[in-house]
Amino acid sequence: MTRSATRDVIMTLVVSAILIAVMPMLVGTYTLTVLVIYGMLGLSLGLIWGFGGILCFGQAAFFGLGAYIYAISAINIGESTLPMILAVALTAGFALLLGAMMFYGRLTDVYLGVITLVVTLILFKFINTTAGPQYKIGDARLGGFNGIPGFQTLNVPGDPGAYIWGDALFYVCAVALVIVFLLVTWLLRSSFGRIAVGIRENETRMALMGYDVAARKTVLFAIGAGIAGLAGAFFANWAEIVTPTLFSLGQSAEIIIWCIVGGLGTRLGPIVGAAGLAYLKFMLGQQSMIDNTLIMGLVLVIFVLFLPRGLVPAIGSLWQASVGRTARRRPARRMRRARHG
Amino acid sequence: MAETVLETAGLTMRFGGVTASDNVDFKLQSRELRCLIGPNGAGKSTFFKCVTGLLTPSEGHVFMRGQEVTGWHPHQIASLGVGIKTQTPNVMDALSVHENIWLAARRFFDVAEARARADDVIERLALGPIARTDLGQLAHGERQRVELGLVAVADPWLVLLDEPAAGMSATDVDRMTTIIHEMTRSAAVVIVEHDMQFIRSIAETVTVFHQGAVLMEDHVDRVMADETVRRVYLGKNA
Amino acid sequence: MDISFVILVEMLYAIASLVLISAGLAVVFGMMKVINLAHGEFMMMGGYATITAVGLGVNVFVAMLVIAPLIVGLIGLVVERLVIRHLYGRLIDTMLATWGLSLMFIGLATMIFGNTTTGISTPIQGFSVGDYQVNGYNFFIIVMAILLVVLLYAVFKGTRAGLIARGTMQRSDMAAALGYSPDRIYMATFFCGSALSGLAGAILAPLVGLVPTSGGAYIAKAFITVIAGGPSLIAGLVSSAASFGFVSQVFTFAISPVIGEVALLVAAVILLRAMPQGITSRFFKGKL
Numbered sequence: 001m002t003r004s005a006t007r008d009v010i011m012t013l014v015v016s017a018i019l020i021a022v023m024p025m026l027v028g029t030y031t032l033t034v035l036v037i038y039g040m041l042g043l044s045l046g047l048i049w050g051f052g053g054i055l056c057f058g059q060a061a062f063f064g065l066g067a068y069i070y071a072i073s074a075i076n077i078g079e080s081t082l083p084m085i086l087a088v089a090l091t092a093g094f095a096l097l098l099g100a101m102m103f104y105g106r107l108t109d110v111y112l113g114v115i116t117l118v119v120t121l122i123l124f125k126f127i128n129t130t131a132g133p134q135y136k137i138g139d140a141r142l143g144g145f146n147g148i149p150g151f152q153t154l155n156v157p158g159d160p161g162a163y164i165w166g167d168a169l170f171y172v173c174a175v176a177l178v179i180v181f182l183l184v185t186w187l188l189r190s191s192f193g194r195i196a197v198g199i200r201e202n203e204t205r206m207a208l209m210g211y212d213v214a215a216r217k218t219v220l221f222a223i224g225a226g227i228a229g230l231a232g233a234f235f236a237n238w239a240e241i242v243t244p245t246l247f248s249l250g251q252s253a254e255i256i257i258w259c260i261v262g263g264l265g266t267r268l269g270p271i272v273g274a275a276g277l278a279y280l281k282f283m284l285g286q287q288s289m290i291d292n293t294l295i296m297g298l299v300l301v302i303f304v305l306f307l308p309r310g311l312v313p314a315i316g317s318l319w320q321a322s323v324g325r326t327a328r329r330r331p332a333r334r335m336r337r338a339r340h341g
Numbered sequence: 001m002a003e004t005v006l007e008t009a010g011l012t013m014r015f016g017g018v019t020a021s022d023n024v025d026f027k028l029q030s031r032e033l034r035c036l037i038g039p040n041g042a043g044k045s046t047f048f049k050c051v052t053g054l055l056t057p058s059e060g061h062v063f064m065r066g067q068e069v070t071g072w073h074p075h076q077i078a079s080l081g082v083g084i085k086t087q088t089p090n091v092m093d094a095l096s097v098h099e100n101i102w103l104a105a106r107r108f109f110d111v112a113e114a115r116a117r118a119d120d121v122i123e124r125l126a127l128g129p130i131a132r133t134d135l136g137q138l139a140h141g142e143r144q145r146v147e148l149g150l151v152a153v154a155d156p157w158l159v160l161l162d163e164p165a166a167g168m169s170a171t172d173v174d175r176m177t178t179i180i181h182e183m184t185r186s187a188a189v190v191i192v193e194h195d196m197q198f199i200r201s202i203a204e205t206v207t208v209f210h211q212g213a214v215l216m217e218d219h220v221d222r223v224m225a226d227e228t229v230r231r232v233y234l235g236k237n238a
Numbered sequence: 001m002d003i004s005f006v007i008l009v010e011m012l013y014a015i016a017s018l019v020l021i022s023a024g025l026a027v028v029f030g031m032m033k034v035i036n037l038a039h040g041e042f043m044m045m046g047g048y049a050t051i052t053a054v055g056l057g058v059n060v061f062v063a064m065l066v067i068a069p070l071i072v073g074l075i076g077l078v079v080e081r082l083v084i085r086h087l088y089g090r091l092i093d094t095m096l097a098t099w100g101l102s103l104m105f106i107g108l109a110t111m112i113f114g115n116t117t118t119g120i121s122t123p124i125q126g127f128s129v130g131d132y133q134v135n136g137y138n139f140f141i142i143v144m145a146i147l148l149v150v151l152l153y154a155v156f157k158g159t160r161a162g163l164i165a166r167g168t169m170q171r172s173d174m175a176a177a178l179g180y181s182p183d184r185i186y187m188a189t190f191f192c193g194s195a196l197s198g199l200a201g202a203i204l205a206p207l208v209g210l211v212p213t214s215g216g217a218y219i220a221k222a223f224i225t226v227i228a229g230g231p232s233l234i235a236g237l238v239s240s241a242a243s244f245g246f247v248s249q250v251f252t253f254a255i256s257p258v259i260g261e262v263a264l265l266v267a268a269v270i271l272l273r274a275m276p277q278g279i280t281s282r283f284f285k286g287k288l
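Residue numbers (my numbering), protein chains in the order written: chain S, 1 to 341; chain C, 1 to 238; chain G, 1 to 288.
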């Protein structure tokens, strides 16, 4: 490992240790837990969109799948370790199939958007119809629009009686997010990650250099979905119920807004965007003057128009300018504009 | 007898009613340098695209080192060790020169070896001063040179270049001629080109395309002197 | 005999409503290569405009066919000037911005009309065919859809504005070079597209209970229909609406309405996988 990579890891660990220690004094851990989970969900889209150039309108589908797979398998298995693994693995597997279908079909841009959106809708509509008692997987009734309550929540591995909840759940989620963040960092530094960025920049060129673009995009897509699935499984543990709204278009829209606001092409941006906006929404939910959907919409429009790079890159270049270094990085957004120019 | 590295048999490409490439038989020996010329719409670029897998020919076959590669994807053809440069500069704009070239090398070599080869090519192509600059900020000639670097770094045995001299200054063209000559030490090179000046300076054997088919194939001097070629390509009064 | 008549009407109705739902989006996408994700909310606003106008004592058909398209068209005009104008040529950015707008409109409608269902009754009586009851309003929708397609065709083929529009569709730079301001063409197009969305929302309003989030039900279908239609505006719209309407009705009759909807979506995925550029990239090439 190079020196800069080591420094990166140490910085990440120190900053996140401080945050994990300090944040619970400012915000309740119950709220913090869901912010951390949303951060992970934001990171999952930030990875495939910001670094892979794959705009998925259906990241919520993977979030919902992860949650449902966890709930269903937890009811059947009666403990949480294997269901957590299944939630990640099966979601990634589903994305692998979906991705292969799309990327080997050479679908790009808006067509990719349509398919991912449609798949989300299919899941949403399908799950909504499963209210009847005939819809069950093992002992788990799918429950239609009522969702699935009452499943085994997170426990210490090997001891189904030792539940992890409240403050402990927060610490588990936070540590999981740090681990996922470090894994994403490692992935992006690896050849695979650098090749993914190359593909984002110019698919044709990468293919002409001998890279199997479709295969690589499929794998990256599946990794992103796996992370979203993990976030979904944690969400199921936090909410203690899973409902079809997890698959809703509104949920997908929110993930995209987090990435835009936080900043694409950065690892931190989507996490900050997710946690920040989710907290804002939570605060807005406590007043009834202004509808908070209105505010979310306004935030998205304003960022697309006036700060298309997002907060983190903007603050980053402000910082660099103020310490006198020239910002070498291009605007993170160019790749998107270039694709549709 | 040298090995045939590229061969097409009856290669035909139709777009609707237009036959852009008409029954082309083409052979290229290893370490040969060949220029494809012809007026606009003669079918050079279509031929190029069929060979590189960017288009799938309607009829006919493409062989590389004796292996049939008809209908393969570009990445499969490139993986054989074929270096391809398309007509418009095709580079990763938001990445630096070094990153671009490293990515090309990484396909065939491990991380350390790729870095070493990238450094080497950057030095050979005199890209050192701009190695850390993003491609998006470079001038056209520099971008063309970097793309040639992308091709060279993978150590190909067959190089296919579509209009490498387009829009370049005289100094840039000179430099590129040197690079291409260097490539022919280890690879066969096919160049699709418009620029007669450039072809005169570099070519030995030239294949002339006209209306999708091969009109003639001979040494550059005899091609230039040929009446038919002058008529179809250089205009009647040339 | 009666049952086949009923099925035929239902089939035509399904296709007609897809045409209505998608027309506004198709015009905007075909002309400007802009996907307006607030399209569903434009329809929702068309519905509210109708209901409000009827509440104020306006004749229901005047409210539907005149007032709603005008109001939504004007809202569209404002949106185009304030937001879309700045994002031309950036497909994904316009999608994101209009998605933001759609959320804003939902929020606004919730604040104004409340999160409750409102509706008006259908202004046309049903009648029976043999043992079956047929909803008379379905005929109205079928007729409106046919009129709409004919009107679109006539405008594009027969008028000067339509000619300019078709030219802009092909090559906006050339149209600009010939002296037609793309800015004004786009403005007019977006007004028309929004008005069509408003019209569709108004016509469909009596069939659904309207809530501020009603738009969500339309946008996905419209989006799919337009994208699957491909490059030709009218041929694409009609052919993909016909395919999806047919598929969804077959499954609706065979199994259930929800499975019909799911079948529509699955058909869309298969269709786009087989023809990534849409139906009219392979069939009806070069048609309008």
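These are calculated hints, taken from the structure and not from any lab test.
Mixed in with the good hints there might be a few duds.
Said to hold, decoys possible - Each computed DMTMM-like pair below joins lysine to aspartate or glutamate, with the alpha-carbon atoms no more than 25 Å apart: (1) S:281 - S:167; (2) G:33 - S:203; (3) S:136 - S:203; (4) S:125 - G:2; (5) G:33 - S:109; (6) C:27 - C:142.
As the list claims (entries may be wrong) - From the structure, some residues in chain G lie toward chain S, with a derived Cβ separation under 7 Å: (7) 97; (8) 103; (9) 104; (10) 106; (11) 110; (12) 111; (13) 112; (14) 113; (15) 208; (16) 220; (17) 254; (18) 257; (19) 258; (20) 262; (21) 263; (22) 265.
For every residue, glycine included, the Cβ atom is placed at its ideal position computed from N, Cα and C.
The hints, checked one at a time:
1. S:281 - S:167: Roughly 22 Å separates the two Cα atoms, so the pair holds.
2. G:33 - S:203: holds, 22 Å
3. S:136 - S:203: Roughly 43 Å separates the two Cα atoms, so the pair is violated.
4. S:125 - G:2: violated, 32 Å
5. G:33 - S:109: Measuring from Cα to Cα gives roughly 13 Å; hence the hint holds.
6. C:27 - C:142: This hinted pair is violated, its Cα atoms lying about 32 Å apart.
7. 97: holds, 4 Å
8. 103: Where the cut-off is 7 Å and the nearest Cβ of chain S is about 3 Å from residue 103 (chain G), the hint holds.
9. 104: holds, 3 Å
10. 106: holds, 5 Å
11. 110: holds, 5 Å
12. 111: holds, 5 Å
13. 112: Violated: closest Cβ of chain S sits about 10 Å from residue 112 (chain G), beyond 7 Å.
14. 113: Violated: closest Cβ of chain S sits about 11 Å from residue 113 (chain G), beyond 7 Å.
15. 208: violated, 16 Å
16. 220: The hint holds - residue 220 (chain G) has a Cβ within 7 Å of chain S, the shortest such distance being about 5 Å.
17. 254: violated, 15 Å
18. 257: violated, 10 Å
19. 258: holds, 5 Å
20. 262: holds, 6 Å
21. 263: Not OK, violated: residue 263 (chain G) not within 7 Å of chain S, min 10 Å.
22. 265: This interface hint holds because 5 Å falls under the 7 Å limit.
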